[in-house]
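Those protein sequence lines, which keep their order, are chains A and B. Our numbering puts the first sequence at residues 1 to 814. Our numbering puts the second sequence at residues 1 to 258.
Note that these hints are calculated values from the structure, not bench results. Take the hints with a grain of salt, since some may be wrong.
Unchecked claim - Subject to a maximum C-alpha distance of 27 Å in a straight line, what follows is the list of computed BS3-like cross-link-like pairs (lysine-lysine):
id, chain 1, residue 1, chain 2, residue 2
1, A, K600, A, K580
2, B, K124, B, K101
3, B, K124, A, K429
4, A, K680, A, K600
5, A, K540, A, K570
6, A, K437, A, K216
7, B, K124, A, K437
8, A, K157, A, K102
9, B, K166, A, K429
10, A, K437, B, K101
Here the structure is a predicted model, which is why all the values come from computation and not from measurement.
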Amino acid sequence: MINNWLRPWRDRAFQLLALAITIAGFALSSIILLHAELEQRFAVRTAEMLGGDLALTGTRAPEPAQQLLFKNSASSAVVDFSTVLVHNDQLLLVSARAVDRKYPLYGQMQTASGRFEPARPTPNGPAPGELWVADQVLDRLNVEPGDHLTIGSKTLKLSAIIRQLPDQSAGFYSMSPRVVFNQADLEATGVLGPGTRLQYRQMISTDSATLAQLQKNLNATLRPDQRLEDIDNAAVRSMGPLRQLTLWANLAVLLVSMLCGATIYLATSERVAQRARLAGLLRSFGARRQQIITRLLGTEFIAVLPASATGSLLGIALISALHQYLGWQGPLAATSIQWLTILFAPLVLWLAFALPRLTALVRIPAMDILNKRNKQQALSTNIEFAAALGAPVLLAGFLTDSLSDLGSLLLLLVVLGAGLPALLWPLLKGLNLISAKLPLAPRLALRRLSRRPSLTLPLLASLTLAMAVLSLAGQTGNQLLDDWRTRLPEQAPNHFVLNMFEADFETFNHWLEKQQAITQPLYPIVRGRLTEINGEPVSKAVTKEKENNNEALNRDLALTEAADMLPSNKINSGAWHPAKNTVSVEQELADRLGLKLGDKLMFITSRGSVNTTIASLREVDWDTFEPNFYFMFSPGGLANQDVTWLTGFWLPEGDGARLAELIKLLPHITLLDVNTLLEKANDIISQASGATALLAVLLMLSAMLVLAAALLGGQSQRGRDNALLRTLGGNRHLLYRVVWAEFITLCGCAAVGAIIIIVATLYPLTARLFNDQPQFSIWYLLPLLLGFGVAIVGVMASRGALNIPALSLLRDEA
Amino acid sequence: MPGPDGELTLLEDIDFTLSSEQSVAITGPSGSGKSTLLGLLAGLDIPTSGQVLLDGQTFSQLDEDGRAVRRGQLCAFVFQHFHLVNDLNAVENVMLPLELKGVEHPQQAARHWLERVGLEHRFKHFPSTLSGGEQQRVALARAFAMQPRLLFADEPTGSLDHANGKRVSELLFDLNRETGTALVLVTHDEHLAMRCQRRLRLEEGRLFEDQPSIDQASINQASINQSSVAKPSTEKPPTAARSTEQISSDQTLSENTR
Chain A
1 MINNWLRPWR
11 DRAFQLLALA
21 ITIAGFALSS
31 IILLHAELEQ
41 RFAVRTAEML
51 GGDLALTGTR
61 APEPAQQLLF
71 KNSASSAVVD
81 FSTVLVHNDQ
91 LLLVSARAVD
101 RKYPLYGQMQ
111 TASGRFEPAR
121 PTPNGPAPGE
131 LWVADQVLDR
141 LNVEPGDHLT
151 IGSKTLKLSA
161 IIRQLPDQSA
171 GFYSMSPRVV
181 FNQADLEATG
191 VLGPGTRLQY
201 RQMISTDSAT
211 LAQLQKNLNA
221 TLRPDQRLED
231 IDNAAVRSMG
241 PLRQLTLWAN
251 LAVLLVSMLC
261 GATIYLATSE
271 RVAQRARLAG
281 LLRSFGARRQ
291 QIITRLLGTE
301 FIAVLPASAT
311 GSLLGIALIS
321 ALHQYLGWQG
331 PLAATSIQWL
341 TILFAPLVLW
351 LAFALPRLTA
361 LVRIPAMDIL
371 NKRNKQQALS
381 TNIEFAAALG
391 APVLLAGFLT
401 DSLSDLGSLL
411 LLLVVLGAGL
421 PALLWPLLKG
431 LNLISAKLPL
441 APRLALRRLS
451 RRPSLTLPLL
461 ASLTLAMAVL
471 SLAGQTGNQL
481 LDDWRTRLPE
491 QAPNHFVLNM
501 FEADFETFNH
511 WLEKQQAITQ
521 PLYPIVRGRL
531 TEINGEPVSK
541 AVTKEKENNN
551 EALNRDLALT
561 EAADMLPSNK
571 INSGAWHPAK
581 NTVSVEQELA
591 DRLGLKLGDK
601 LMFITSRGSV
611 NTTIASLREV
621 DWDTFEPNFY
631 FMFSPGGLAN
641 QDVTWLTGFW
651 LPEGDGARLA
661 ELIKLLPHIT
671 LLDVNTLLEK
681 ANDIISQASG
691 ATALLAVLLM
701 LSAMLVLAAA
711 LLGGQSQRGR
721 DNALLRTLGG
731 NRHLLYRVVW
741 AEFITLCGCA
751 AVGAIIIIVA
761 TLYPLTARLF
771 NDQPQFSIWY
781 LLPLLLGFGV
791 AIVGVMASRG
801 ALNIPALSLL
811 RDEA
Chain B
1 MPGPDGELTL
11 LEDIDFTLSS
21 EQSVAITGPS
31 GSGKSTLLGL
41 LAGLDIPTSG
51 QVLLDGQTFS
61 QLDEDGRAVR
71 RGQLCAFVFQ
81 HFHLVNDLNA
91 VENVMLPLEL
101 KGVEHPQQAA
111 RHWLERVGLE
121 HRFKHFPSTL
131 SGGEQQRVAL
141 ARAFAMQPRL
151 LFADEPTGSL
161 DHANGKRVSE
171 LLFDLNRETG
181 TALVLVTHDE
191 HLAMRCQRRL
201 RLEEGRLFED
211 QPSIDQASIN
221 QASINQSSVA
231 KPSTEKPPTA
241 ARSTEQISSD
251 QTLSENTR
């Protein structure tokens, strides 16, 4: 039994196959588990942003029939509305939220007990009679914890300062600061009457089994004012790091699966070729096809089991260690289907490639195999190679549910990977035709390459794909990290200042210098409300339904003017300030209001009205820690208006005394501390960066595995060629030169193919991941360097083939 | 070499000389060491003791590359399994050793030799589209195209049917005679062996000379020394009487020699 198990291990081709299966098991299990972890984290984050697995929003509470539908699930309701906060005759427009005792269902709130006190986790919302407020309220109304403020007819005690709410992201410097109080006090405020604009938000938490049914039932009962959101459609809206990472992880799973498939295919070719003689012999002894397949596969299956299990266990160990290291809670997140795939995918891939080859082998007459005739036909099928690349991709696609998302990109990669060698083939043939004038070594090398499509084409395809994936992994991973670093630099502003006047600049700058704070640009802010579109009042120009869904129409907006666009913004259409008195509008808002280029807008401000024309529509990254604006005017567009200024600065976290000093110097400014938000974002970025680096390493490892399998795969043929050349009088120097010429040609062609693939796939990939166009990068040329490296490794790996004794030909061993 | 029951000696006490234009057949049962001896004679391997001289120069003194170059200059091979390069056509297979030698217009020479073996209608055919007999004729053309002074043939008809075998052997001996090439033929086929001027028989690693065969008169000089003890080459009789092309083997082949 043990002998049976050990026997295949004595063969070099089997050792290579076992190594390929081990590494494929490792790469597949690591990447599937990591992907599951990331997906879960992304889902949790999206659920936090949404407030639940489902969020039902409307202008009034859900109907009793609807409430019956989710009565068995955990749920929480909040009411969001704009109102006025009163303190000692001072009024402030705020975004109020009335929460119940179950709020929040997901995520964590953080509050502070004083203006400069540290944030602390807070599990439940404010008790009845209490009020939490954002920093701005303290500055604008000049209040502090313990003071009493009034909303409508109800006076509430300010008990905490909001540092972070689970669904809080952008808009932290909103004109209407957030206040939170208990729903028990809502009726007593008396602010809700007929016609009051409010959003009633019911958040529901449920298990995945009942989610789909509940969603279906609720969808069937929606009122016209109601909207039901789930994690999937909420996630689509986000382009934050987690979304990018999940997309990239999906792509990595698909690519790793494809590369592992290619590796096992190449390694299986070599092993099946080795087993051909035994198959022929068994046939000559009268064994039936079925018996041969069972016998050959049976022994191999038992022998590869430990290889596969070792690989999978190594992958599980790696991700478990990472899980522990990053402090992720709970067990590994993989589903049962994913676990099955982890355990069996390498074996299934191997069987899928070995079985058709053996089946083809046993169809060939035994003598043909024994006499080594028909060998090429038995083992070479390009369709098989396409299947080797395609099948694992499909498998991974179903696992990650990302084929619809990334399918076209993958298809492009696979088609180019398999198709480019076919395009390069005529080039090789042509080179061979003109090789008569070349020196002997390149002539022999070109002849070898151009006459063996069954060996050269899969090798060329594998090298091309592996080089392309290596470069893509390097470039994309690097670009993701860069993107996140740009979005959240090490010293991103952790404080924002609003309501500053021009006269304050000197004092403010002096204070900044003293504190050695890192400053940001200053933005002029004019408060204004959009009132007319193309001469028509907004109420007529925008449908009632759109109006209800647009907070932008119901509140003052922060209008600004700037000569330069913000780095994180991108023009989707039109041009950045092509003329005086033009404005650039945020794309999503423009879509919601039906605004288009050339539309004329009128805003009402404290100084009257401002008229302007839309010159560009702009995409805004709300996840950056820099000010973003819906409307950015051309310079001078807001002249003669009442202007305040907004800026940000980075200050090392301290005891708050320095900030208190600033407030004392400029008591009318509003100071926002976004350290807590920044920390959370930083935490996400650092985890995403770690995961990205790991994914890139796994991808590169898989690509290198393909390279190794491809290089080692052709060694026996190369050995036979060299033995014959040596018998005929070729010296070692010539053999070396032939091998060099062979690998330089092969790797050169593969590098060119890889560059074409990179250029072709980077456009869709960059558009998906970064919502941007790719910039030229030195990574494009990496395949050339890789090609040179691979050629060196190839020649080194061929040293064994150079040393095969010529005598082996006499013995017919080669 | 190591065997299941300890060290295994493949060849022992072998000492013979081969003159130019002489043909010698080496026969013997399977496993007697015929191919091993052929490999040693051709410098594809070196003996663990003793030496092989080709044209007065010992192979053992040359490194792997030196032996390859010398082989390319003086020797050619015909194998039982043809060993044509599958992805080269007939002309290219014949051209291969000529290219290695740096011969000018190798294609012309290759075509000439293919015509000589009657394959003028198969120039562009690949080995997979040729019969066994045709493949062996390409191998013969490849061997003679090198204009070797010594041809090694290892069971050249071993993979062929009777008719093809006969045709190949006719060609082999005709060309051998025409070109004046010395021939070392390893074969099981007694009829084929009978056509050589000398017949040596390998049994259990030792070499015996059979009765002189036809064309004995053409032998310039031959001496076979059979001894139960290996003699160092310095103890051998003076070789002044030998012709300029000669092969001498005096060896005990043991571990590390294949």
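Comparing the hints with the structure gives:
1. Annotation: proposed proximity of K600 (chain A) to K580 (chain A) holds, straight-line Cα distance about 13 Å (limit 27 Å).
2. Among the hinted pairs, K124 (chain B) with K101 (chain B) is consistent with the structure: their alpha-carbon atoms are about 22 Å apart, no more than 27 Å.
3. Annotation: proposed proximity of K124 (chain B) to K429 (chain A) holds, straight-line Cα distance about 16 Å (limit 27 Å).
4. With a CA separation close to 40 Å, the supplied pair K680 (chain A) and K600 (chain A) exceeds the 27 Å bound.
5. Distance check on the hinted pair: K540 (chain A) and K570 (chain A) sit about 30 Å apart at the alpha-carbon level, beyond 27 Å; violated.
6. Proximity of K437 (chain A) to K216 (chain A) is assessed by CA-CA distance (about 74 Å); at most 27 Å being required, the pair is judged violated.
7. Among the hinted pairs, K124 (chain B) with K437 (chain A) is consistent with the structure: their alpha-carbon atoms are about 20 Å apart, no more than 27 Å.
8. Between K157 (chain A) and K102 (chain A) the alpha-carbon distance is near 21 Å, which keeps this suggested pair within the 27 Å criterion.
9. Distance hint between K166 (chain B) and K429 (chain A) is unfulfilled; the C-alpha atoms sit about 39 Å from each other, more than 27 Å.
10. For the suggested pair K437 (chain A) and K101 (chain B), the alpha carbons sit about 16 Å apart, so the restraint of at most 27 Å is met.
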